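A.B. asks: Residue 339 in our numbering is what sits at position 153 of the sequence shown, and the numbering runs on without skipping anything.
None of these hints come from the bench; they were simulated from the model.
As the structure is a prediction and not an experimental result, all values here were calculated from the model.
Take these hints with a grain of salt, some might be off.
Unchecked claim - Capping the alpha-carbon separation at 20 Å, the derived lysine to aspartate or glutamate pairs in DMTMM-like fashion look like this:
hint	residue 1	residue 2
1	Lys462	Glu319
2	Lys265	Glu360
3	Lys311	Glu293
4	Lys408	Glu397
5	Lys272	Glu317
6	Lys450	Asp402
7	Lys311	Asp451
8	Lys459	Glu319
9	Lys340	Glu319
10	Lys450	Glu397
11	Lys271	Glu293
12	Lys417	Asp402
13	Lys271	Glu325
14	Lys449	Glu397
15	Lys350	Glu317
16	Lys441	Glu392
17	Lys301	Glu317
18	Lys430	Glu445
19	Lys332	Glu317
20	Lys417	Glu404
21	Lys450	Glu390
22	Lys301	Glu394
23	Lys395	Asp414
24	Lys430	Glu457
As the list claims (entries may be wrong) - Per label pair, the in silico range of CB-to-CB distance:
hint	residue 1	residue 2	range
25	Arg335	Cys458	16 to 24 Å
26	Glu390	Ala268	28 to 36 Å
27	Ser384	Ile308	44 to 52 Å
Just so you know, even glycine gets a beta-carbon here, dropped at the ideal spot from N, CA and C.
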Amino acid sequence: MGSTICRDQSPLSSKCSAKGCNKCVTSRPSQNLYNTKPTEIDMHGKDPMYNFGKPIETNKYKKNELSVVSFTSTDPNFKSFALSKKFLKTVYKNGGQSFYCNEHFDESFHFKSFKSYKPQNIKSKRSYRMEFEHIVPAENFGRHFKSWRAGDLKCITKKGKAFKGRNCARKTSEKFRLMEADPINLVPSIGAINGRRSNYRYAEIEGEKREFGTCDVEISNKRFEPRDSVKGDVARTYRYMQVKYNVLLIGKSSKKLFESWEKKDPISKEECKRVKSHINGKEFGIFKGHCS
């Protein structure tokens with residue numbers, strides 16, 4: 187069978203399923219993991235997942251270099267963000283540690299005392315509540331969906347008002363729902379930190395100005411720097427999401443930063459434990475040989 191053709195008629199190294207090629211399965215991007223670029227595929231009338239213009243030919247990874255299991259497409263726990271959060275609450279049913287401040291939350295998913303974190307607003311419930319936060323913000327991958335940017339005919343309220351953004355992407359795209367629900371990209375966070383971080387890009391910020399007591403996070407000019415011991419976790423999560431879903435998440439400005447973070451903060455026992463607990467104990471890809 188010949189290569190599939192993108193909307194601009196450029197050939198791709200892809201294979202189609204039977205019955206008229208209504209579903210295409212592409213090969214993985216090249217082995218240079220921080221140079222992977224997305225491909226836009228003609229989904230035969232279906233809303234394409236990405237919208238990047240000229241498609242780029244892809245090559246397979248070297249054997250066992252970064253094999254990514256598609257657990258989110260088969261495990262019923264991860265069909266939606268709500269279901270993933272429900273599952274993760276069973277993982278942390280006895281409490282756990284927050285990702286950014288390493289503060290302990292109890293079985294009620296609340297923080298009762300703190301070692302480093304200091305609430306900015308002592309009356310806010312989010313200052314004491316654990317929330318599951320996306321390392322790669324939903325907006326960062328959501329904007330690659332046409333329904334997020336421009337809406338869809340299905341995104342109409344009962345009062346006839348059109349809407350777009352996250353709710354529209356969630357309503358119209360199964361791929362967006364799987365990305366939003368991916369448990370590798372979800373971590374426990376203090377609600378106030380989650381809110382303050384927003385969808386800011388990760389960066390190295392000069393100085394050690396901190397807003398939440400001595401919790402080691404810096405926020406400045408819509409940039410966010412986490413503590414050193416999770417910087418590699420952040421970089422690997424971005425790489426994982428980019429590779430698995432074939433969407434450009436690591437731009438030129440972040441490429442060198444994330445490469446540096448991965449080297450300085452290699453995979454730890456804590457990261458292995460978190461990742462494996464989030465996916466029912468499976469081990470895959472970049473964690474093979476690192477997690478026993």
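A.B. asks: For each hint, tell me whether it holds in the structure or not.
C.D. replies: Hint-by-hint comparison with the structure:
{"no.": "1", "hint": "Lys462 - Glu319", "verdict": "17 Å, holds"}
{"no.": "2", "hint": "Lys265 - Glu360", "verdict": "8 Å, holds"}
{"no.": "3", "hint": "Lys311 - Glu293", "verdict": "16 Å, holds"}
{"no.": "4", "hint": "Lys408 - Glu397", "verdict": "14 Å, holds"}
{"no.": "5", "hint": "Lys272 - Glu317", "verdict": "12 Å, holds"}
{"no.": "6", "hint": "Lys450 - Asp402", "verdict": "17 Å, holds"}
{"no.": "7", "hint": "Lys311 - Asp451", "verdict": "33 Å, violated"}
{"no.": "8", "hint": "Lys459 - Glu319", "verdict": "18 Å, holds"}
{"no.": "9", "hint": "Lys340 - Glu319", "verdict": "28 Å, violated"}
{"no.": "10", "hint": "Lys450 - Glu397", "verdict": "25 Å, violated"}
{"no.": "11", "hint": "Lys271 - Glu293", "verdict": "15 Å, holds"}
{"no.": "12", "hint": "Lys417 - Asp402", "verdict": "12 Å, holds"}
{"no.": "13", "hint": "Lys271 - Glu325", "verdict": "18 Å, holds"}
{"no.": "14", "hint": "Lys449 - Glu397", "verdict": "28 Å, violated"}
{"no.": "15", "hint": "Lys350 - Glu317", "verdict": "24 Å, violated"}
{"no.": "16", "hint": "Lys441 - Glu392", "verdict": "19 Å, holds"}
{"no.": "17", "hint": "Lys301 - Glu317", "verdict": "19 Å, holds"}
{"no.": "18", "hint": "Lys430 - Glu445", "verdict": "18 Å, holds"}
{"no.": "19", "hint": "Lys332 - Glu317", "verdict": "28 Å, violated"}
{"no.": "20", "hint": "Lys417 - Glu404", "verdict": "13 Å, holds"}
{"no.": "21", "hint": "Lys450 - Glu390", "verdict": "13 Å, holds"}
{"no.": "22", "hint": "Lys301 - Glu394", "verdict": "18 Å, holds"}
{"no.": "23", "hint": "Lys395 - Asp414", "verdict": "15 Å, holds"}
{"no.": "24", "hint": "Lys430 - Glu457", "verdict": "19 Å, holds"}
{"no.": "25", "hint": "Arg335 - Cys458: 16 to 24 Å", "verdict": "37 Å, violated"}
{"no.": "26", "hint": "Glu390 - Ala268: 28 to 36 Å", "verdict": "35 Å, holds"}
{"no.": "27", "hint": "Ser384 - Ile308: 44 to 52 Å", "verdict": "21 Å, violated"}
Of the numbered hints listed earlier, those contradicted by the structure are 7, 9, 10, 14, 15, 19, 25 and 27.
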